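Those protein sequences? They're chains W and X, same order as listed. For the first sequence, the numbering used here assigns the number 1 to the initial residue and increments by one for each residue that follows. For the second sequence, the numbering used here assigns the number 1 to the initial residue and increments by one for each residue that follows.
Don't read these hints as lab results, they were simulated from the structure. Any given hint could be a false lead.
Each computed SDA-like pair below joins lysine to any residue, with the alpha-carbon atoms no more than 25 Å apart [claimed, not checked]:
(1) W:LYS73 / X:GLY97
(2) W:LYS3 / X:GLU102
(3) W:LYS3 / X:TYR100
(4) W:LYS3 / W:ASN58
(5) W:LYS117 / W:VAL19
(6) W:LYS3 / X:ASP57
(7) W:LYS117 / W:GLN69
(8) X:LYS78 / W:GLY43
Some chain W residues flagged as far from chain X (calculated, every beta-carbon gap over 12 Å) [what the hints assert, rightly or not]:
(9) GLN57
(10) ASN76
(11) ASP86
(12) SER87
(13) ALA93
This one's a predicted model, so the numbers in the text were calculated from it and none came from an experiment. Note that CB positions come from ideal geometry on N, CA and C, so glycine has one too.
Here are the chains, one letter per residue:
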Amino acid sequence: AQKITQTQPGMFVQEKEAVTLDCTYDTSDPSYGLFWYKQPSSGEMIFLIYQGSYDQQNATEGRYSLNFQKARKSANLVISASQLGDSAMYFCAMSTLGGSSNTGKLIFGQGTTLQVKP
Amino acid sequence: DAGVIQSPRHEVTEMGQEVTLRCKPISGHDYLFWYRQTMMRGLELLIYFNNNVPIDDSGMPEDRFSAKMPNASFSTLKIQPSEPRDSAVYFCASSRGTVYNEQFFGPGTRLTVL
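Between the sequences and the hints, there should be enough to build the whole structure, so can you do that?
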């Protein structure tokens, strides 16, 4: 069964430092996509970054990068130069293409709350 | 381009009443998703549509929930009758594809059933 695990319920980081949010996934499908979303206290879900299972290079989007280790089934989000506005809940999610009923579904982890300290 | 639009943003109702949530996806997106977010269960997919056709409704909790997509620019999620345990934030999202395309979420509807 497909599953996303985020083991860090909460994290603190000092402003301007880098932080890594952990995500491991489980699927037997060879084709899948991994996503990170940010949910600030206002409640909206903001897409941050995407990594495809066949992508050879780690995805990057501005200050966000995804450390994709396929053999370990991990897709950690790295935020460089943290800002106060980065304080939010972060969700890792996966979508698979396997011809099963899970196709197209985004399966979310439980989320990690990040607090950036000034 | 406008993002995904949801209405109402907040809904407070009494147990037993009918609730209708509305969603307008991003133009050109063929997929529409309804999610529910609670503290206990996190984010869970209720149903999704492809080209207005329901593809997977296995996440719909029970017969009290129904969803429709009469055209490419409008979808509804209806709860009848509502119960206090339905209190949650309901998100609508849309995308161009599934596995390899990000989903764009609406602002959500915060539903409180008293």
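Which of the listed hints are not met by the structure?
7 and 13
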